[in-house]
Amino acid sequence: MPLALLALAIGAFGIGTTEFVIMGLLPQVAGDYGVSIPTAGYLVTGYALGVMFGAPLMTVLGTKVSRKQMLMALMGLFIVGNLLSALAPAFAVMLIGRIVASLAHGAFFGIGSVVAAELVAPDKKAGAISMMFTGLTVANVVGVPLGTLVGQSVGWRVTFAIVAALGVIGLAGIARLVPDMPKPEGVRLRHELAAFKNVQVLLAMAMTVLGFGGVFAAITYIAPMMTHVTGFADGSVTWLLVLFGLGMVGGNLIGGTFADRALMPMLYVSLGALAVVLALFTLTAHDKLLSAVTIALIGALGFATVPPLQKRVLDQAHGAPTLASAVNIGAFNLGNALSVWLGGLVIAAGFGYTAPNWVGAALAAGALLLAFLSAALERRAGVPSTVVTGAASAEQRTAVHH
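The working numbering runs 444 ahead of the 1-based position in the sequence shown.
The hints are simulated quantities; they were obtained by calculation from the structure and are not laboratory data.
A couple of the hints might just be wrong.
[Said to hold, decoys possible] In silico DMTMM-like cross-links for lysine to aspartate or glutamate, where the CA-CA straight-line distance does not exceed 25 Å:
1) 568 - 822
2) 512 - 562
3) 568 - 624
4) 508 - 624
5) 512 - 678
6) 512 - 476
7) 732 - 678
8) 508 - 567
9) 641 - 476
[To be verified] Quick list of simulated restraints, FRET-style, between CB atoms:
10) 447 - 531: 33 to 43 Å
11) 789 - 727: 36 to 46 Å
12) 795 - 677: 32 to 42 Å
13) 821 - 706: 47 to 57 Å
14) 817 - 720: 25 to 35 Å
15) 683 - 713: 19 to 29 Å
16) 478 - 613: 30 to 40 Å
17) 683 - 602: 14 to 24 Å
Note that the coordinates shown come from a computational prediction; the quantities given were computed from them, not determined experimentally.
From the three backbone atoms N, C-alpha and C, an ideal C-beta is built for every residue, glycine too.
With these hints in hand, go ahead and build the complete structure from the sequences.
So this is what it looks like as structure tokens:
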């Protein structure tokens, strides 16, 4: 794998840390600002919505510059947003900071996915994408637990200041390691937009919304669930997030490996198992050992879907993948926002802190049904459910051009 993938992973590490660290700090942030836990959850929802809308917007704005320059600009925006969050005097200001940081997220992973795919042979694409996303998953093993520990020990503002520093490191890594790639001629914005007429692209994005939304329905409220239901101390949330992160790392690598061999079967297995595990979490959440195992499984199964879903979009939008790739990252976060909102509703309705697990199970089951529908439509059309002939090489030469 090219060294440039390390630079992308470094940027992903910083972005992953700021995205997920807020979950372990919701009680502290809510207490400092005097808001409820569901209200504090808007910091997750706002970030997710910012990614969803920012992904296509920033990708289109970035078509006038090289992808390396755009990745560096996105990391600069990420740094500014996290500094604003760290210094926010009021909840509304912190929410604005989260949204500013989120604008960099979708375009970074969307453009980064295309860059990663271009750096390797066609049969290594999903593996390269998973290597970039390894930075996101490792953030949950190292960055998020340490950020949670720091936030609980010396204040959550320090955590976001450290995250801004991670952004500086990511910016330096991109500047040093990512090569300048010339933009091929002949692909215009209308070609990028044409990908959204493909029903398979839309189905893949819908799978992304529901499948990954299932993960966030449970994990967003992990701190109050584990402390109020399971009986863990506040400090235990840190190592529980480590388990979730370890599961993410393993699932991401497994998903990348098998997506290059059998993409749709990988989705069937991971989405089906995710729905079952999330449903069982309503029971295992009452036992410390079983809840810890379940959290690791949710991380593994949830992130086993990431490389195949991202590759699925790249394959189906093979003629012009950059915008579709970025929008699919937004779809991940639309799922996050939807699940956090639904999870907050069931908690506020008095169903308890385990109720979001049922929401997650239903969302994952919906994604599985869409996967079966997508495969059935392809069989009816007589098109293979993996890479369209010639798509891989075409995708590797494609970039947005006006």
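Going through the hints against the structure:
no.	hint	verdict
1	568 - 822	holds, 23 Å
2	512 - 562	holds, 13 Å
3	568 - 624	holds, 21 Å
4	508 - 624	holds, 14 Å
5	512 - 678	violated, 41 Å
6	512 - 476	violated, 39 Å
7	732 - 678	holds, 13 Å
8	508 - 567	violated, 30 Å
9	641 - 476	violated, 47 Å
10	447 - 531: 33 to 43 Å	holds, 35 Å
11	789 - 727: 36 to 46 Å	violated, 22 Å
12	795 - 677: 32 to 42 Å	violated, 24 Å
13	821 - 706: 47 to 57 Å	violated, 18 Å
14	817 - 720: 25 to 35 Å	violated, 20 Å
15	683 - 713: 19 to 29 Å	holds, 28 Å
16	478 - 613: 30 to 40 Å	holds, 34 Å
17	683 - 602: 14 to 24 Å	holds, 20 Å
The structure fails hints 5, 6, 8, 9, 11, 12, 13, 14 (numbered hints given earlier, in ascending order).
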